[in-house]
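Undergrad: As they're listed, the protein sequences go chains H and V. Its first residue numbered 70, the first sequence is counted upward by one per residue in the working numbering. Its first residue numbered 70, the second sequence is counted upward by one per residue in the working numbering.
Read the hints as simulated data drawn from the structure, not as lab findings. One should not assume that every hint holds.
Calculated pairs, PhoX-like style, for lysine-lysine (alpha carbon to alpha carbon, straight line, at most 25 Å) [as the list claims (entries may be wrong)]: (1) Lys-327/H <-> Lys-785/V; (2) Lys-327/H <-> Lys-755/V; (3) Lys-744/H <-> Lys-327/V; (4) Lys-154/H <-> Lys-135/H; (5) Lys-327/H <-> Lys-370/H; (6) Lys-785/H <-> Lys-327/V; (7) Lys-755/H <-> Lys-327/V; (8) Lys-744/V <-> Lys-327/H; (9) Lys-154/V <-> Lys-744/H.
There are 2 protein chains.
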Amino acid sequence: MFCFFLLNQKTIFVNNYKICYMKTFFLFFLLFCTLSAFSEDGYDLWLRYAPVENVNLQKTYRNQVKSIAFNANTPTLEAAKSELKTGLSKMLGFQPEFAEITNNTGNLIIGLPDNFEVIKENTGTEELNDISREGFILRQIENNNLIITSNTEIGLLYGVFRFLQIVQQELPLSGLNVVDSPKTQVRILNHWDNLNRTVERGYAGFSLWDWFRLPDVIDPRYIDYARANASIGINGTALTNVNANAQILTPVYLEKVKALADVFRPYGIKVYLTARFSAPIELDNLPVADPLDPLVQEWWKKKAAEIYSYIPDFGGFLVKADSEGQPGPHNYNRNHAEGANMLADAVAPYGGIVMWRAFVYDQHVPEDRTKQAYNEFMPVDGEFRENVILQVKNGPLDFQPREPFHPLFGGMEKTNIMPEFQITQEYLGFSTHLVYLAPLYEECLQSDTWTKGEGSTVAKAIDGSLFGQKLTGMAGVSNIGTDRNWTGHPFGQANWYAFGRLAWNPYLGSRKIADEWIKMTFTKNHAFVEPVTEMMLTSRETAVNYMTPLGLHHIMAAGHHHGPGPWVDGRRPDWTAVYYHRATSEEIGFDRTPGGSNAVGQYHQPVADKFGNIETCPEEYLLWFHRVPWDYRLKSGNTLWDEMAFRYNQGVNEALAMQESWNLLADYVDGQRFKYVQSLLEIQTKEAAWWRDACLLYFQTFSNMPIPDGVEKPVKTLEYFMGINELYMPGHH
Amino acid sequence: MFCFFLLNQKTIFVNNYKICYMKTFFLFFLLFCTLSAFSEDGYDLWLRYAPVENVNLQKTYRNQVKSIAFNANTPTLEAAKSELKTGLSKMLGFQPEFAEITNNTGNLIIGLPDNFEVIKENTGTEELNDISREGFILRQIENNNLIITSNTEIGLLYGVFRFLQIVQQELPLSGLNVVDSPKTQVRILNHWDNLNRTVERGYAGFSLWDWFRLPDVIDPRYIDYARANASIGINGTALTNVNANAQILTPVYLEKVKALADVFRPYGIKVYLTARFSAPIELDNLPVADPLDPLVQEWWKKKAAEIYSYIPDFGGFLVKADSEGQPGPHNYNRNHAEGANMLADAVAPYGGIVMWRAFVYDQHVPEDRTKQAYNEFMPVDGEFRENVILQVKNGPLDFQPREPFHPLFGGMEKTNIMPEFQITQEYLGFSTHLVYLAPLYEECLQSDTWTKGEGSTVAKAIDGSLFGQKLTGMAGVSNIGTDRNWTGHPFGQANWYAFGRLAWNPYLGSRKIADEWIKMTFTKNHAFVEPVTEMMLTSRETAVNYMTPLGLHHIMAAGHHHGPGPWVDGRRPDWTAVYYHRATSEEIGFDRTPGGSNAVGQYHQPVADKFGNIETCPEEYLLWFHRVPWDYRLKSGNTLWDEMAFRYNQGVNEALAMQESWNLLADYVDGQRFKYVQSLLEIQTKEAAWWRDACLLYFQTFSNMPIPDGVEKPVKTLEYFMGINELYMPGHH
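If we strip away everything but chain H, and leave its shape as in the complex, we get (with noise of 0.2 Å):
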């Protein structure tokens, strides 16, 4: 970075008084570059605010924004200047004036349209109300001045994070004319953090919160966590495991908890926490922790008065509850509904909210888990409170690298619901595997649900323009952790950037997130964009074909979930790989056809159908719904089990191309994080060869057909591959 930062200066210098002795300016600026070479480490993740690197478009910028009007006079618009200071700086070479002034002079005007007479000439009334509390608008005014306004002051620091973005990628600030606000209102990273800093399913080391030092020693990441974050919209985080710890909510850590309240307020950051369903048992001897007991609901209603004591704005409760083991009112008989509610009037008084997981099933319900979730919620579908929001998982299962969009999506249409996606790559090569999340991401939201009919999208079923919620929201399972560079792989940082992105607007497209993310993190050059992107937006693809083809499912390693796993048996069927996969030697798939399952049917029509309908059921979700035969004829015209080797070894062959694309672009990336992506490419591809190996000579056993030419013949044996046994392994402990 500081390489071209100084070959700007040097420009700067030849051009005023070519003067300067070239030579010795010229070694002075290698000898940066060299030292310059340490800071590349990833950790400034899409803020790099790197030097702009057309060099007209510099000078350009650097006259749009010579003088700025800014009354930075709160922590947020303080954190706002401080920004824009930075990125400016760093981005054009050189340090705008600051006005403090509240006249309308300064090429770009930041303020409220109150505080300027200029902005309120600018801007309509209806589209202030329009951008209602957090979105902003940027504009060049008729005098070719910008303007950065907004209704509140989290508005305005959304609008100069967007304006260093525009200037980040190098887009044109002439006719500048962005009106934003986001599409959902809770836009949140769970983090599934323990406070032994472990954190369940992560995988770019440990847990960014070091309770241990706080309150009293606050991390300079702590902040640029807020920054991050605020930078793409996301204004919520919760901090702990939704398996809870109810000592998070003693008086110890509430403290810890408010002194990262703190830092994280200005941008714009609520906390929440999660919740224990029987924390008034083991926090304070309560006989039970019964939802409609009195004495519990007094309980919660104390802890919550308690906690708002700490942080006044504390955003609320996520809660999983009856499921994988947590307590949860199914233990006193009660329904979902009825344990959510009573968390949500203890929090109402203070404004705050209540995330209920949809995540339940158990193992001694005889039904496919896929069907639990759907059997147990919609029943209670509109007898939520108003500030409860049923959390809900993309798919039916667990986060796999394909799943058909959860039923409940468009099922429940009285009740308040936001996707929960995942970010950390629980199922999906860790953090070792370049797989951008985005596509899926939006494959699930333009999913068509059908409940009102053609269009009725996942995206409009969430952000309340089908039915109409007051609350709405998009929760993502984060994969940020103490690693330097925040997410472990490099292109993890991705999907970090691809989730807020979405939550804001889940209409966003893939390409576009991924342009955004790659100008911003590596450069503006196309040689290096245009096959970067081309990886990216293929990724995902490629880690279905080299894990879970034509909708395979859950067959990867028991418990940790790293590497191949389909012949994990003999646990709770549930938790095993052949409870999906069914293989016998005539056919493989789960049948939730109406002669099966009958999953199909928690869907509307024509889905049901479609899915139900081996013929019609799209081929990416073929053996999530159907039984097939090994020597089913698909499209292709091959049969089922030549066309799954087909898959794996082009999944295979995929990933060595994004291997050999990535190889060829040395010369555009910084050294540090070109070798540690290269070291990444070189794990993923041997390990897709490692997952079709073990998955063709696993599933051969069954279909007893030869691997097709065309299809690299597997050197180990099933054996050798069955008894790799992982320990230790990251994330699961």
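Fit chain V to the given chain H structure using the hints.
TA: What follows is chain V alone, placed relative to chain H:
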């Protein structure tokens, strides 16, 4: 750092051309300063290479190293050259010319005596013999040129590091004549790192070793780890916890260990592993792990061969056996020599060694715990193989704030012995207390064992000069983790540094080491160096005062050892506090005189008598060796109770004084490190008061005497302090 550097550039421009537009330049300069503030996070350790502050001296240095003759054609020499380039360019603001030639030109000539005639002419055979294989000579020769030479490449690397340190400290190169070599052979860090990346007694994040991504991904941090260690002469690293996991000896992990060994090798650092004594049973189902069983011996020989096939220069094993639940030779009625020798025979063909820990005690042995190691090992003195070295903790208990030296030093005359110091602050406030440990190490090393009359110091007993051991060394239990600043507390870096310097030369003084470290880590400015040196030098005594004055020991909270727990009782006695302080309403202390456990009998005369007599026993060991009535008059004239209260109070006042002292130093240190240390000193002061109040209230229940005037009266109650139950503490998993 960058600001200074650019300031230097400015100077050059002005001097040489006097034409650059100062205002513009200064603006950039300020801009860089702002930006560079980000980087002062402590990651650079004592290798910051800040620009030379004395401008005249900088000019002199530039002339002295204008051209450098250094043929770097091996990984070690390339590492040395790269360090030299980075260091000199950062400190001097220019890049010397490097000549890749073998003639004798160059202001600075670096090579083996055979490489350059001029080196051979200016060094003597005897001095070259004396420095053996790791020493070096730095010398200004007659024509004022400088030479760096050694018998080996590693010696050259060490010489280059020392040269850079001299420049960092802004010491003159004129008249330079340093002939130095290490006084011990194995200078090794012990990492108590588990395979899941938790670190036993680690307070600086988690393990640096990212086993999951190894061997493919080489974190650049591994290289910086090696650089830091090599810069102070550390030449070994035991990667894994002494509470050992046999899995590290399997091929999957050995491949990963090999990757680390490959990174460390150019820096002269060998890797060692902890060997779990029962590994043959656990890994290959042998029926026993009996060291005299030929099958077991054969297993270890094969295992050694396998390890050396991955890592030809593998250092050897570190073993904790028959202690705290670890398996060992006792399980088979064999002694420690028999256990150690079996492993030693396995690695001997490859030049490997075995470090066998003497930290052995057994709750079922009805003997003062501090006596057990001596009792166990003295009978087998002389029975260990030549490639075994006994690793003995500095004191006979367990890394307390203060202990008398271990009687095995000066006790075992026919066995190789290396001291084990703890760098991580298990019993010393974790990474939140500033406690400079060099005085603790020095106190031990300078203790006089009297084995061969006066002057038989521990230092001489372990460096071979007293007993002529062929194998010598020093081990430090690492305080390093994934925290960005490596050690959690910025001043924890000083303890790593001090350990390395003392392992190289056990006769160095704490003040000199502090002086070096401060100048390289912060600044050469006297206004900073002086008060900080004083803070550091007094900090250990301060910690003793507020934790365990007058010979108190092992009164920390149970398990995690954070904070006071003098009331701890009721588990196995040797893990309680009451076992050690034995307070009653009459007296307090552990009687280790001949009338008591007679631990003093393990020391030579006159040490035994001195310790054993309450009148001559140094007061800092008083309650370690004696039971003392509460009204006993100390040398101060105070009763024991009053003195104890004064010492506790003094500790708190001293902590407060450190805090106040630091608060005056904001101008001399970057904002990030200043604030971080400031927050930590706040914690330390708070916790010092916690220690004082809790201990005085507790011991008062025995003494029944009033807290004397001048000592702050506790506000909280003993019950409050006894009710504190800290959960999820770092380092305790």
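Undergrad: Against each hint, give a clear statement of whether it holds in the structure.
TA: To see whether the hints hold, each was checked on the structure:
Under the criterion of a C-alpha separation no larger than 25 Å, the hint pairing Lys-327/H with Lys-785/V is consistent with the structure, at around 24 Å. About 19 Å separates the Cα atoms of Lys-327/H and Lys-755/V, which keeps this hinted pair within 25 Å; it holds. Between Lys-744/H and Lys-327/V the CA atoms are separated by roughly 19 Å; this keeps the pair inside 25 Å, and the hint holds. Proposed proximity of Lys-154/H and Lys-135/H is supported: the alpha carbons are some 12 Å apart, at most 25 Å.
With a C-alpha separation of about 19 Å, the suggested pairing of Lys-327/H with Lys-370/H holds against the 25 Å cut-off. Restraint check: the Cα-Cα separation between Lys-785/H and Lys-327/V comes to about 24 Å, which is no more than 25 Å; the hinted pair holds. Restraint check for Lys-755/H and Lys-327/V: satisfied, since their Cα atoms lie roughly 19 Å apart, inside the 25 Å limit. Only pairs whose Cα atoms come within 25 Å are accepted, and Lys-744/V paired with Lys-327/H is accepted, the gap being roughly 19 Å.
Distance restraint check for Lys-154/V and Lys-744/H: the Cα-Cα separation of roughly 22 Å lies within the 25 Å cut-off, and the hinted pair is therefore satisfied.
The structure fails none of the hints (numbered hints given earlier).
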